[in-house]
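Given the coordinates of chain E, work out where chain F should sit on it, guided by the hints.
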Amino acid sequence: MTCEQCGTREAVVILKQVEGAEVRILHLCEPCAAERGVEDIEATAKTPLGAFLAAMGKEIVAEPSLPGAAPAAVCAACGASLQDFRESGRLGCAECWTTFEGPLRGLLRRVHGTTHHVGELYQTPGEEPTDPGALVSSLRAHLRSAVESENFELAAELRDRLRGME
Amino acid sequence: MIDLSLLADGGIGWLDASGPANHLVLSTRVRLARNLRGRTFGVRNSARDREEILDEVVAAAADSPGLAGAAVFRLDRLDSVDRELLHERHLVSKELAGLGRNDRVRIGAALLVRDRLGAMVNEEDHLRLQGVVSGFAPEAAYAEVDRLDGELGQRLAFAFHPEFGYLTACPTNVGTGLRASVLIHLPGLVLTKEISKVLQSLAQVGLTFRGLYGEGSEVVGNFFQLSNQTTLGKSEPELLDLLAKMVRQVIAYEEEARAVLLRDAPAVIEDKVWRAYGLLRYARALSFEETMNLLSGVRLGVGLKLIPDVGVYALNKLLVHTQPAHLAAGRGLSTDDPTLPIRRAEYVRTVLQDEGRRAG
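Respectively, the protein sequence lines represent chains E and F. Numbering-wise, my numbering puts 98 at position 98 of the first sequence, and it's gapless, one number per residue. Numbering-wise, my numbering puts 262 at position 262 of the second sequence, and it's gapless, one number per residue.
No wet-lab data here; the hints were simulated from the structure. Don't take each hint at face value.
[Unchecked claim] Simulated restraints on C-beta separations: (1) Tyr313/F / Leu121/E: 39 to 45 Å; (2) Glu127/E / Ile2/F: 53 to 59 Å; (3) Val205/F / Thr2/E: 42 to 48 Å.
Don't be surprised by glycine CBs; every beta carbon is placed ideally from N, CA and C.
Bound-form chain E, shown alone:
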């Protein structure tokens, strides 16, 4: 496909712009993408997490843009975007882990080979220990919403976790 901006070079970047409820998708070549502020893919790959992040960015763009399946553009708790994470390699807050859960899972699998913590469990001071029954019901609810939003990868993970617990 040729670049939609210059119409001459091969498009290598898919730029997805979210403006209110409207989503515009543009296929661009590297120089035109750079003009629009999309950073150099090569440069990103040079940072320690860069290669993973670059791959992750592609994955997000490649995801089908079903309602509910697209990751939220910005973390409601701290205002960090996925682009911020791609640039710095650092998340903005604990909520980012939920907001960008989908792409982060892919990254965790590549970095650690898994997404599941199996070490020490933390008990927050002043809170009742988590009731295993309550955890199962919350996972079930999470599974239902994953199926409804056709996030099958997440659904499979949750199903495996539930099987492990039951």
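For chain F alone, kept in the frame of chain E given last:
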């Protein structure tokens, strides 16, 4: 200059060469990354956030047996030579000390330290807890920091996710937040050119290596920091076991390489280690890199029992005190002072002379 006498052993008790396999392993360190719940992570913290985080941590630490009475160093209130000094003691990261090319020390960046325990505050994560012990002892180092983690975790609420574990700013640290590393001297494997094979095999099982000063640093004086690369999907004991098992193998390879060197080229090795000793003992100006390389030769000679009059403790002391900020800070100089090589050589001569007298 900062007053390191606040610390019983200057924060470098691990130098005393009392731990297991101390002829090869200088120290074992285990660190845990933790963040406070309900607060944004480091990259998004304002100066005020960082001040509040530091206050919270200091209050919790004062109340926890592991860090009660700890010395508190506010990096943001120290000049660069003192920050570098703490970095040279492996007490703070380059990032926290604001020593990177594009780094500036951030408001609220602090170090709490007591005996073998330390806590970096307002690094990339709110808390980096660490336990450091002499020699090769991952379990002992973990036991120390695990106790502190438990104490602080009862007084502060940590960010924890039922599936991802302890949440960190960088996904490479999530889960256990645990990085265990050993600082090991491997001249035998370097001289026999076996080192790259060994390092490659470590990478295959999920371990990685770094230089003398950790992340992003170069290997100097044949010192390697071996550590676990992944933090998620294995329990803390499993991560420690993996590192311990592999380090035991690396130690065995290093011993084998040394035996081969002694068997195949005894005269060359003997000449090499005594030359290193001779230069350190009599040189009048020494650069830091040259000193590290020569100390590596002498350490090998001591390990092979070719050089009788030098103790491992003295070598460890030389390793720390010949670093630029250590030489500069005590003498009121800057780290690029042109007289440092001369002062370094003077210091090395004195220590080796004392060692000779002590032994002789």
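message: Given the hint of 39 to 45 Å, is the C-beta distance from Tyr313/F to Leu121/E inside that range or not?
response: holds, 41 Å
- request: Check the following: the C-beta atoms of Val205/F and Thr2/E are separated by a distance inside 42 to 48 Å.
  value: Since Val205/F and Thr2/E have Cβ atoms about 46 Å apart, the given range 42 to 48 Å holds.
- request: Return holds or violated for the Cβ distance of Glu127/E and Ile2/F against the range 53 to 59 Å.
  value: violated, 40 Å
The structure fails to meet hint 2 from the earlier list, while all remaining hints are met.
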